[in-house]
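> Quick note on my numbering: the sequence shown kicks off at 517 and runs consecutively.
It is worth saying that the hints were derived from the structure and are not from the lab. Being a predicted model, the structure only gives us computed values, none of them experimental. A few of these clues could be false.
Subject to a maximum C-alpha distance of 16 Å in a straight line, what follows is the list of computed EDC-like cross-link-like pairs (lysine to aspartate or glutamate) [unchecked claim]:
id: 1; residue 1: Lys-546; residue 2: Glu-579
id: 2; residue 1: Lys-655; residue 2: Glu-642
id: 3; residue 1: Lys-655; residue 2: Asp-533
id: 4; residue 1: Lys-574; residue 2: Asp-596
id: 5; residue 1: Lys-551; residue 2: Asp-596
id: 6; residue 1: Lys-574; residue 2: Glu-543
id: 7; residue 1: Lys-655; residue 2: Asp-621
id: 8; residue 1: Lys-551; residue 2: Glu-666
id: 9; residue 1: Lys-546; residue 2: Glu-584
id: 10; residue 1: Lys-551; residue 2: Asp-533
id: 11; residue 1: Lys-546; residue 2: Asp-658
id: 12; residue 1: Lys-671; residue 2: Asp-649
id: 13; residue 1: Lys-551; residue 2: Asp-649
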Amino acid sequence: MYSIRLMVMDVDGTLTDGGIYIGNDGELMKRFNAKDGYAIANMLPQMNIIPAIITGRKSHIVENRCKELGIRNLIQGSSDKLSDLRNLCNRLDIDFQQTAYIGDDMNDYSVMSIAGFKACPADATEEIRGICDYVSSVKGGDGAVRDIVEYLHSKEF
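Let the sequences and hints guide you as you build the complete structure.
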């Protein structure tokens with residue numbers, strides 16, 4: 517039985533490599549990893565863990581990826597991730613201690629500090645790596661989320 521009921525993820529630098537690709541016509545593109553997608557769409561439901569995203573940026577790319585993976589809890593354009601997590605947990609009736617948060621940079625620090633389980637990609641900032649329960653050996657956008665989900669699964673967190 518898993519004590520974690522909600523997994524919240526940042527996007528840029530966590531689900532992606534942090535790069536923002538801009539085409540000639542100004543179209544924005546991001547690269548997501550299929551291994552992360554498999555973990556979110558298949559492994560988390562088997563573990564009865566709800567996936568969610570809280571991100572500071574806003575894009576149709578992220579909306580489309582969430583639809584593809586079945587992520588129904590998407591908060592974009594967040595200027596206060598801590599407040600947004602509080603609201604999400606209240607709405608879902610989930611305690612902070614039952615929440616895992618995966619982030620990579622200082623805009624994730626305050627929200628990570630209250631999560632029951634904190635994890636990050638290998639290339640997260642030093643400050644973020646320092647507060648995590650688990651630091652993936654994999655970089656953001658290269659399958660770090662899959663690695664973290666597998667870690668939780670192996671520990672039955």
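> Name the hints, by number, that the structure is in violation of.
5, 13
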